[in-house]
Amino acid sequence: MPSMPIAPAIGVNALTKSYGKVDAVRGISFRVEAGQTVGLLGGNGAGKTTTLSMLLGVLKPTSGTIEMLGMSLAKQRYDILPRINFTSPYVDLPKRLSVVENLRVFAGLYGVSDARQRISALLSELDLEAVADRPYANLSAGQRTRVSLAKSLLNSPELLLLDEPTASLDPDVGDRMRSLLERYRAQSGCAMLLASHNMAEVERLCDLVIMLRQGEIVDSGSPAQLLAKYGRHTLDDVFLDISRQGAQ
Amino acid sequence: MSGSLITRGSSARRIGALLARHYFLLRKSWPRLLSFAYYPVMQLLVWGFVTQYLGPQSASQGVLQAVPGILLTGVLLWDVLVRGELGLFLSFLEEMYSRNLGNLFVSPLRLHEFVIAQMLMSIVRVVVGSGVALLVAVTFFDLKIAQQALALSLCLGCLLMFGWAIGMIANGLVLRFGLGAEEIGWAVVFLIGPLSGAYYPLSVLPEFLQAVAYALPTAWAFDAMRAALIDGQIAGRALGISLALDVIYLAIGAALFAWFVEAGRERGLLLQMGE
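Chains A and B supply the protein sequences, listed in that same order.
Quick note on numbering: my numbering labels position 31 of the first sequence as 31, and the sequence is numbered without any gaps.
Quick note on numbering: my numbering labels position 25 of the second sequence as 273, and the sequence is numbered without any gaps.
Keep in mind that the hints were calculated from the coordinates and are not lab data.
Some hints could be false.
Using 20 Å as the maximum straight-line C-alpha spacing, the simulated EDC-like pairs for lysine to aspartate or glutamate come out as follows [as the list claims (entries may be wrong)]:
| hint | chain 1 | residue 1 | chain 2 | residue 2 |
| --- | --- | --- | --- | --- |
| 1 | A | 60 | A | 23 |
| 2 | A | 60 | B | 514 |
| 3 | A | 95 | B | 342 |
| 4 | A | 75 | B | 510 |
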């Protein structure tokens, strides 16, 4: 008996976003399979955040379609949202609320059952227990990033969209965050789409890398495939090759 | 893993979560709570002393006997309108200031749940703010409105709803034009002050302004207030028209807010809103 095909976590087809005559994203298509981690790489203005914003439903595409978890984002947004989550440097949490209060609010918004236990587990896992009752405003940048990550894991998402998730963390905390994301993926089978400038992070976490330049996909492949194709030892060098090809 | 931890959250739970957000904020900030009552009480005190000044002069002059009560009740009900609008507007600004709108718009929270939570917060503001002011008016300025409680409660409801309509429009403008449009949100409710007749009948306005004023639910609600205080009547027609206009303005406010959100989605404003 043939098995049912598993829907991709993300299916993007001919996605375009234009602001007047400026095309921020130009007809890109890609898939993120269930359980896969995909990196979205590109220089500033390449279209990474624009793409993530469209996937989150806070930016309306000019054309093209987005499917997530087997559903159309345009038609079934509110069936999709409880099953995904995100972190982004463009948003913050209420600063006068404590860490626990913020997490309780979002647990309510995401309909998390047994919220106390879930919050407690996340605080422990992200090493935030000592600051649990501290106002968010009084946290360091690294602690805030961890709280934001805790918020994004509250509903045990099947799909995580991560925009620069470890940007402001020191190497030690950044490494622990990456380990946490790896553990979470292994435990839950969660798919992740990661926009990052940290090539070591991308190399470590991602099964597939999509290179964006000026709103278009210019290359894609596993980190190993890209290294081999460009004859380089690091993704940093591959990134520079691709970026500079565009500049020439 | 996700299936075991997630229950499909109900609408009430999401609204409750937003109310909890405001409760957490208020319980640790007594100045913020105090500010709910501060402005209404100060306003009431000023007008209370004005009525004490006018009282002896109007005591024996027919309809003017009701003037102190009309002024004080007008102050209280006008404040309901202002609190109604600010209840929505300030709750929205809180999210803007904290750059939290992106988190909310990407959560399962529906737009109407977001607005309902703001409306409930505005009711809290009215109950606390106007409630304390009413207590001051009754205790120190001998305001007697218990017999007109039903009629005045209906006026209050009409004014509160119009405050919500203005609040939704103000929120939409801030969403579309950013915090630079914040001043509009603070000022817009006072624009209709002269046309609302909170302290005087609309017959004192020039005729062309009367026509404009009667397109506002406030004018009819304050007419109903005067009918209750002077004649002891429930002005059913005025209240009915006020309510009907409220429904129209609420529909316009909701449609505009939804349109501004959609425009924000078109332009990519929702994730990047903040200070």
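Cross-check of the supplied hints:
1. A:60 <-> A:23: It holds: about 13 Å lies between the C-alpha atoms, which stays within 20 Å.
2. A:60 <-> B:514: Since the Cα atoms of residue 60 (chain A) and residue 514 (chain B) sit roughly 5 Å apart, the hinted pair holds (cutoff 20 Å).
3. A:95 <-> B:342: holds, 10 Å
4. A:75 <-> B:510: holds, 15 Å
Checked against the numbered hints above, the structure violates none of them.
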